[in-house]
Amino acid sequence: MALMQSSARFDHHQGTVVNMPLLQPSFAADAEAGVAHHPLSGKDLSGADVVVQVLADEGVEVLFGYSGGAILPVYDAVFRHNAEHVKPDGSEPMPLIVPANEQGAGFMAAGYARASGKVGVAVVTSGPGATNMVTPVRDSTADSIPLVVICGQVATQAIGSDAFQEAPISNIMGACAKHVFLVTDATQLEATMRTAFTLARSGRPGPVVVDVPKDIQNAMVRFEGHGELPLPGYRARLRAVESATLSDAECESFFDALARAKRPLIYAGGGVVAGGAAPALRAFVDAFGLPVTTTLMGIGGYDTTEPLALHMLGMHGTAYANYAVEDCDFLFALGARFDDRVAGVPTQFAPRAKFIAHIDIDPAEINKVKHTDWHHVGPLDRALQRITQYGQAHNHRSSLSDWHAHIRALKQTHALNYDRDSALIQPYAVLEEINRHTQGRAIISTGVGQHQMWAAQYLDFRAPRHLLTSGSMGTMGFGLPAAIGAQFARPDALVIDIDGDASIRMNLGELETVTTYGLPLKIVVLNNVGDGMVRQWQKLFFKGRFASSDKSLHRKDFVRAAEADGFSWARRLERRDELASTIAEFLAFNGPAFLEVMIDPDAGVYPMVGPGANYSQMITGDFIPSRETSPIGDIATSDSF
Amino acid sequence: MQHTLSILLQNEAGALVRVAGLFAARGHNIDTLTVAATNDPSVSRLTLTVRGDDATLTQILQQTRKLVDVLQVEHPAQA
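Sequence lines, in order, name chains L and B. To convert a position in the first sequence, counted from 1, into the working numbering, add 1037. Take the second sequence: its letter number 47 is residue 42 in the working numbering, and every next letter is one higher.
Keep in mind the hints are simulated off the structure, nothing from the lab. Treat the hints with caution; some may be incorrect.
[Said to hold, decoys possible] Pairs of lysine-lysine residues, derived as DSSO-like cross-links and limited to a Cα-Cα distance of at most 30 Å, are as follows:
id	chain 1	residue 1	chain 2	residue 2
1	L	K1124	L	K1080
2	L	K1155	L	K1299
3	L	K1391	L	K1407
4	L	K1155	B	K61
5	L	K1407	B	K61
6	L	K1580	L	K1593
All figures in this text were calculated on a predicted structure; none of them were measured in a lab.
Okay, chain B solo, but in the shape it has when bound (with noise of 0.2 Å):
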């Protein structure tokens, strides 16, 4: 099942490079990529798909949220 999820993380050389790096190493494909800063310019925003069954996206979403640049994951369709 692909799903959407929304990433908010500072707007730091290098952070784009560790969420996606984040995903290969544990062996997702990311489907689709969009990033761009927010109102506030410290701040971006990623949208990223991809897919995976529930306890799959669990993990992974779990992993994100140790990245120390990472603000905020959310998954929409869940919410």
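Next up, chain L with everything else stripped away, as it sits in the complex (with noise of 0.2 Å):
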């Protein structure tokens, strides 16, 4: 092993010295657009139509976001653009949507990016605007989502001035996104726009914000049509990280480590999605034929539907995706960071492998929570066809019948299941007639809670991009705006919003977005009246005193507030004969509808790895045969969560 390491382990950035004058301006991208004259080159513009001009030059098709005084410049500046460049078939090139709250738009615009990958955009006003704004922005980088978000300031000589609708943005966004720029001169505004697209996308993409103060968007500038800021040092470490290769020496250390293994297992997390690895990962697993469970995050980037799939692992992870983990000898983490609803007590993660491989776009990432034996920094998708090649041109093959063989059994014996006979509506039984007809075809959001850990669960994803699911930051409320901004990424694909009474309640008000903009949206409320997630802790872990989870006293009729936002089709669904009909006719209607089912409000989400427990101590509910298991600690009072 430690052979291994000496000879596959290198380090870009440890003790290199950039050897580039610091702050030299950088003509790369002008080179790569050819010097395309731009039409509007050498012209003079106000700094919000050179905000828009950016927008439109880098292919934005819609925009999310809420007006205000500070960004008026900018949304007029929209407004004119529209208004001059109506597409033949009528529409605007640039719809500007608008939310009910901020962080709505935040949502939509995330989960416009989450749907095609491309960079969403979101327009708020200065002050609450944009700290509606933060919540969106923090999980966007938590889940390496790539956003431009523009928000208005107060005029430059009133920033610090305590000004109405002031707040300091580039302090409170450089805490949370990938990164936030001020702008204070105008000349830099067209520069500085551009490159937050360049940032927003490379790398681990990520958020990038551009505070823009009123008086810099009223400003005369001359348009130059091209050209980025240096960014010296973000560039030079960018080449590196992009342009790094798996030598031959590297290639066969990790195949004579999979040699020797019997056990090997891929681990693949929101990496494989965000860097388009998907197809590689496909022909990798085609080629030498190792298993893979994927993180939430990861979730469609291998089809669940395969008969190597082991679907999600973790502290829901399935039971045989978890027991597959215990068991393996070879571990190789592809775009995944070890969190802790995977590796919660990293040292007792993964216990039987003998050699861990890892590829991540960060190297940050790499050794973090828990060692590797052989590690690449760089694009997953090359890496990937990299070592498929290599492997297949020295014929690498590994005997994994009996590990296929056990697979297999450990699918079958411990596989999903809950309580079929039961009276009451159980959820797991709403996501599987869901997913008879939309096969793992259709896009599907969550809020946060056991109804996400559900839809992870028991839905099927034959493909990137279909799970939109706010995983590290774990927001509340984040279902219904991200299908809103899916649906713009994708308006004739099927999307589904499966959402809790709970994380439904938070951005309650865009359901009135959805009507508004005519969206064929679908809208599945799992109804057990309370905070499911927080009840099954404190039931377990807390002698059932559901302080504040408990929501029976509350009053609202989902169904008639979304009648009252234009609904046409919302229903209530209580009586489990009426699932299978109520379903099809729900997906089936040719528009906005919206389904609240009353579903049993005990039921619990199994298995689940506790926190500060390792995955052989899973408790997998009644439904769900389990191995024996090994007992765990108080955690009422453990520091775990």
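Need the complex rebuilt from these two chains, each delivered in its own frame; the hints are there to steer you.
In structure tokens, the structure reads:
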């Protein structure tokens, strides 16, 4: 093992000196565009028109945002742009979608980005408009989602004066965005806007905030039509990562270890989706036969209906995926970060793995949580293609038939299951029924909590970008606005928001946004009259004291709320025998539809690897057979979460 | 163990806050800190000391290198 480490490890950054003039302007972007002459180049434009022109040049096809005093010049420029560039079919080239709350706009942009892989764009005003955007921005950093967020700001001369609707956005967003720019020189606005897109989509993607004071929006500047900010440090590091290749020696040490493994397993994360590496992963698995389990963020990175797919691992992963992690002797982590929902106890994660290999685009993720024996920092799709080619050229073959038989048996013995005889509607049955129609091809968004885990467990996902969910931040209220954004990205696709009663409440105002724009979204609320996941923890670890999580005194009639917001199809399902017919009618409805399902309030999420527990201590509930478990300590007083 | 880090960063408003904020957000207490412009006025050198074991230090170095304004991070004692 020690030998493997020394031969396979290399660091791009450790001690590297950047040998280049530090702040020389870079014209790389110009060269790439072939220095095509921009029709507006040399013209004087207002800052607001510059913002909109760069958005148009970047191919932005929809904006999400809420207006206000400090962003009015940009909103006016969007209005004029749309009026002057009407498409042949009469539609606007860059429609501006207005939410009920700026947080909604942020999650719409994120849903758009997650479903399409393109940069999502939100435009909001200063102060509260911008602070309402903090949660989506932090959520997008945590899940590596590319956004460009344009915030109005009070005029430069008013900054720091406690002006009306002033907030220190560069400070606030600096702590939670991939990067934030405060534009104080109008001549830098154009290059800053272009650079924001480059930063958002390059390397490990993330949200970039551009804070634009009102006087900068009003200033007249010469439009160049090209050019970005130099950012020498970032660009040098990006070049190093993007040009990284695997040497023959590194490929050889990888296959040496793989050849010795009898039970190799792939643990694939969101990087497979973000890096467009699903086809390369598929080719690798086809070539070498490693079973695949994915994280919540990686779902769809490998078709869940494949025989070698183990679905999700982790705290609420399938029992068979978690047992496979327990049993594997070689773990290949791809664009995954060993986070606490997966490796709650890092030292006890994959305890029999003699060799852990890891590929990621972010050098900071290597050895952050779990020590690896082999790693590579670089684009995942290229790395996988290279490894596959090398292995095929060198005739790598391992006999995995015993391991495959073991995987088949795990999937059969420890399959997901629930109380199929209950008189109450089981949430799992609702999802199974939806899955029967969608066959893993619908785009699904979720809120956060039990329904999110059930959707991840019980639905199939045949391709990437089909499960849109707040994985790292776990933001309740994500599902509805994310589904709206996704429907704009995929107007012809069936988009379903699988939500919970508590989660959907958090952004319920966006129901109206669905009907305002005539989106054919389908919304399912699995109503268990409370914060189900919180109750589950209170049941397990706090002796059933349901502090604040019981909502039986709440009076909301969700169906009437949906009707009030213009849903012509809005129903409540309370009878089990009407499940199949109602779901069929709901999904077939041509237009926005809202379905509330009163589910068994005691339904739990199983399996569950409790906080501070390892996979062998997984609780599988009453309906999924488990292996023998060892006892766990008192979790109520544990610091694990 | 105490470590001294030398960080070159673009001399822009907010760049210092971002470095200091990153250390605070990731649970590091900065013991000492000095910042000054270099011969190139568009570049500042930030010298700070923190305490931590090797793994913690490696992680905060890697995270610092992800800040867009940061040009270079050196840990002279390890160079």
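Comparing the hints with the structure gives:
1. K1124/L to K1080/L: holds (24 Å)
2. K1155/L to K1299/L: Between K1155/L and K1299/L the Cα gap is close to 40 Å, so the pair fails against 30 Å, i.e. violated.
3. K1391/L to K1407/L: holds (13 Å)
4. K1155/L to K61/B: It holds: about 22 Å lies between the C-alpha atoms, which stays within 30 Å.
5. K1407/L to K61/B: Distance of about 20 Å is within 30 Å: holds.
6. K1580/L to K1593/L: Answer holds: K1580/L to K1593/L is near 28 Å, not above 30 Å.
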